[in-house]
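> Residue-level listing of the chains:
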Amino acid sequence: MGHDLTDEQYKSQVSAVWRATIIMAVLTVLEVAAALMWPEDMSRAVLNIMFVLMSIAKGYFIVAEFMHVKYEKRALTLTILGPLFFLIWFIIAFMWEGSEWLALRELWGV
Amino acid sequence: MSHVDVANPESAWYGGKSPFNVSYGKLMMWYFLLSDVFTFSALLISYGAIRMSAPEWAAPDVVFSAMPVLGEGYPLIFVTIMTFILIMSSVFVVRAVQEGHRMNKKGVMTWLAWGIVGGVAFLGCQAWEWTHLIGGLSHGHGMTISEINFGPGTEHYPIQFAFLFFVITGFHGFHVFSGVLINIWALIMTANGTFERRGHYEMIEKIGLYWHFVDLVWVFVFLAFYLL
Amino acid sequence: MAHIDIDIHEGHAHDHDHHGHRHDDHHDHEHHEPGFVMKYLFSMDHKMIAKQFLITGILWAVIGVLFSVLFRIQLAWPNETFPILETLLGGWAEGGKLDPEFYYALVTMHGTIMVFFVLTAGLSGTFSNLLIPLQVGARDMASPFMNMLSYWFFFLAGVVMFVSLFVQTGPASGGWTAYPPLSALETASSGSGIGMTLWLTSMALFIVSSLLGGLNYVATILNMRTKGMTMFRMPLTIWAFFFTAILGVLSFPVLLSACLLLIFDRHFGTAFYLSDIFINGEVLRNSAGQIIEGGSPILFQHLFWFLGHPEVYIVILPAMGMVSEILACNSKKPVFGYKAMVYSIMAITVLGFLVWAHHMFMSGMNPFVGSIFVLFTLMIAVPSAVKVFNWITTIWKGNINYTPATLFAVGFVSLFISGGLTGIYLGNSALDIPLHDSYFVIAHFHIVMGLAAGFGLFAGVYHWFPKLFGGRMMNTTLGEIHFWITFVGSYCIFWPMHYLGMTGVPRRYYSFNEFETFSVYAELNIFMTVAAIVVFFAQFLFVINFFMSAVSTRRTKSKNPYNASTLEWTTPIEAGHGNWPGAIPEVHRWPYDYGKDGYETIPQTIPDSRLNEIEKKGGRTSR
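Taken in sequence, the protein lines are chains R, L and H. Residue numbering for the first sequence follows my numbering, starting at 1 and increasing by one per position. Residue numbering for the second sequence follows my numbering, starting at 1 and increasing by one per position. Residue numbering for the third sequence follows my numbering, starting at 1 and increasing by one per position.
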C-alpha cells in the first residue's frame, strides 16, 4: 500500500474521505430532523425503518471508506462481512422472544 | 473417485503469501473487531429484546433535551453534536493514516492529535450527559442506573431504559477511552520516530481501524437509544 | 493500490513473517539460548505453549473427573458415610456425608472445568498450538507473544477458579449454565455469593485467552501457509482448528456480554435478567427503592446458549479433525471424501450459530420460534452423518496399524454415533418435553463431549506424542489397557443413563432415594458409580504413561515413525525454535496420497519429479 502513491491518487483518496464525511453528516441531520419533526399520525414503523436504513448507510461509509474495506481484496471483505449474516437470525429470534415476553406479561397481568 | 489436486502458483491462495495482501497484524485486528461487533451486538440485541418486552418506553426527545450552558429545551441536539464530534475525530484519524502512507511524520502527528482532541471532547460530552442525567434526578428530570424520573407524564418510563442506557453507553465510552489512550501512545511513538525507522505507519492504520469501529458502534447506539 | 509481494527467503531459521507485505519488527531474535523462565515459563514457542496447555488441561481433568466420582459416590450410596469425603472436602462433607449444597457446587465445577478448561483449552489449545504451524509450514504462530499471553490468561482463569473452590461460602453452585435468578441474587444460595463472582471473573479471563488464541490460529492459517500449501491441501486437522477458531472468535464475546450483564444484576441493582422477584413475600427492590423488574431470565439463557451451542462444536471439531488424520495415517488410505469433509465442517460451523435455543425448549419460549430451532437442529445432523460415513469408509479395507491412537480414534467414531443419535431425539422439541433436564440429556452430552471429544484428546496425545516430546512414544501396552477399560467402562457409566432419563429421572438431584419412582434405580446407580471409579483410576494409567514416556530415553530413530504424509513429520526429531533448520519445505500435493501408484505414502513435500526418493509400499521414505 502506497509509498508510491501519486499526487492525483492521494488527492482523490483525500476527497473521497471528505465526501463520505459530508454524506454522513447530512444523514445524521436528516435522521435527527425526522426524529423531531415526524408527524404523530404517520406510521412510527416507517420512521423506524428509515432510521435503520440510514444508520446502515452511515455504517457502510465508515466501513467502506474510513476503514478502507472498499479498496481491499474482495476475499477479505467477504470474511469480514460474512459472519455478520449470523446477526440476522440473532436479531429476529431475540426480538420475537421479547415480544413473546410482553405477550406473557399481558396474559398473566404482570 | 480420485482427488483432483490442482494448485496454481499464481493464485493468491497458493501459500507463501497472504491471500488478502494484508499483514497478519492487520488481519488479527480485523477479526478482533469482528469479535467486538458480536460483544456489542449481544448488548444491543438484548436491549431490543427487553424493549420489545416492555409495554411502554421512554421518549428520547424528553430524556435527552438539555445542553451545557443553554439548559433545557434542545431535544437531541447535544447528542447530535456528539455524533459529529466522533465522526470528525474518525475522519482526522483517516487523514493521519493517509499521511502515514506518504511517510509524512508531521502530517500523521497533526491529524492524530486532532483525532485525540475529538475523542477527548466526545468523552467530555458523554461525562457531562451522564452527570446531568444523574444529578438531574434530584429535581425531577433525570435518571440513574436504578431510578428514572422526568417529571409529570413520565411515570411509565421503565427502569429498563435507564440501566440499559448507562451500561451500553458506558461500555461504549470505555472503548472510546481505551481508544484515546492507544491513540496517545501512537502519537508518542510517531513523535519518537519509531514508525519512520520501521518504514511504515501500519500501526496507525490498525489503531485507526479500532477507532473507526468505535465510531461505527456509536452509530448503532445512537440509533437504539436516541432515534428508535 | 501498490502491491508489494515478498517471497519467502529462507536465509535463516528465525524469520516469521515474510508473508504479506508488512511485518512488525517484534521478532528481533537474539541467537542466544533463552533462560529457564523465558524457555519454559513464558515461552513464545508454539510447541512449548502446546505442552503448557496440555499439562494444565490434564491437571484440571483429574480434578474435574474426581469431582464427578465424589458426587457419584453420593448418588450410589446415599445412606452411607465415607470418611474419604471428609478428608478431601472438610466441612463440606461433615461426618463423611456430602453436604447437599456442595453437591450442586461439585456438579457445577465439574461441568465448568471439563467443558472449558479440559475440552476447550486442553484440547483446542494444545493441538491448535502444536499442529497449526507444523502442518501449514510456518516457523511459529503469527504472533508468538499473543500466543504466550493466551496461555497465561488461561492459567490466571484457572487460578481464580481454583481459589473459588476454597472460599467459605463455597464455589459457584448454580450449574455450569449459571442461570439467573439463582446466579443473579447473591443471597439465593451460598454458591451464589463470592464463589459466583469468582466464577464470572474466571470466565472473563478465559474468554480473553480463547480470543487471543483464536485470532492467532486464524491469522496463521490464512497468512502463513508455506508455498504450495493451498487451502485444499491442508490436512483436515487444520480445517477443523480453523473453523473452531472462527466459532470461538464470534461466539465467546456473546458469553462475555452475558456475564457482564449478570455482574451488573448481581452488584449494581440492574434487572437485565430479573423481574418479579419475591423474597420472603417482599418484592425485591434496588438501592433507590425501585422494584427490580423489566428483565427476563430467559434473556440470559439465550445469550448463554448463543455461545453454549457453538461451544460444543468448539469441543468436538478439533477431535473430528484429528481423528480424520489419525485414521487416514494409520490405515494408509486417503480420507474418503476430503472435500465433503471440509464442507461438512463448514456446514456444522454455520448451522452451529443458528440452533442455540434447542437447549431452551422448556424455558417457556414461543413454541413456533422453537420449531424453527428444531428445523436447524435436525439439519445439522446431515453434515455430522457425512463425516461419520466418511470415517468408516476411510478405514474400510485399509492396512490398519492398531496403535493406541487408532483405537481411540475408532472409539471416537463409535461414541460419536451413539451420542450423536440421541441428539436427534433431543433436537425435537416435542420429545424434549419429557427428556429435558433428565438423565437422557446427561447421557447424550457426556457420550459426545466427555467421551468422544475426550477420546479425540487421547488419540491426539498418543499419536503426536513424538512431536510433543522429541521422538518419544507412549507405552503401547499401557495405552491399549487404558483404551479398553475406558471404552467399556465409559459405556457402562453413561449407557444406563438413557433409561433413567426416559423414565423421567431428573438431573442435578442430590439423591434418588427420596422418590419411590427413582429409588428403583439404586442398584443401577451403584453400577454406574463403580464403573466411574474404575474409569477414573484407569486414567492414571494414561497420566503415568504420559509423564514417564515424556522423560524416557527411548526415542524413535526416524523422524517420521508412522510414515505419514503431513509436514510435521519433516521436522527434525527434536524440532527447535523455528521448526525447520533450513528452508521451510514446499508442498506439492494434498496430505492423503496414501497407497497411490504403489507407494505406501507420498509425503506432501515430494513432487512427482522426486518420486524415486521414496520406497514403494511397505517402505519408509529414504530421507
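Hints are computed from structural coordinates only; laboratory data are not their basis. One thing to keep in mind: the hints can contain errors.
[To be verified] Cβ-to-Cβ under 7 Å is the rule here; a few derived chain R residues that face chain H:
1) Trp-18
2) Tyr-60
3) Pro-83
4) Trp-96
5) Glu-100
6) Trp-108
Just so you know, even glycine gets a beta-carbon here, dropped at the ideal spot from N, CA and C.
> Run every hint past the structure and note whether it holds.
Hints, one by one, checked against the model:
1. Trp-18: violated, 19 Å
2. Tyr-60: This hint is violated: Tyr-60(R) lies away from chain H, its Cβ roughly 20 Å from the closest one there, beyond 7 Å.
3. Pro-83: holds, 5 Å
4. Trp-96: This hint holds: Trp-96(R) lies near chain H, its Cβ roughly 5 Å from the closest one there, short of 7 Å.
5. Glu-100: It holds, given that the least Cβ distance between Glu-100(R) and chain H is near 4 Å, below 7 Å.
6. Trp-108: violated, 9 Å
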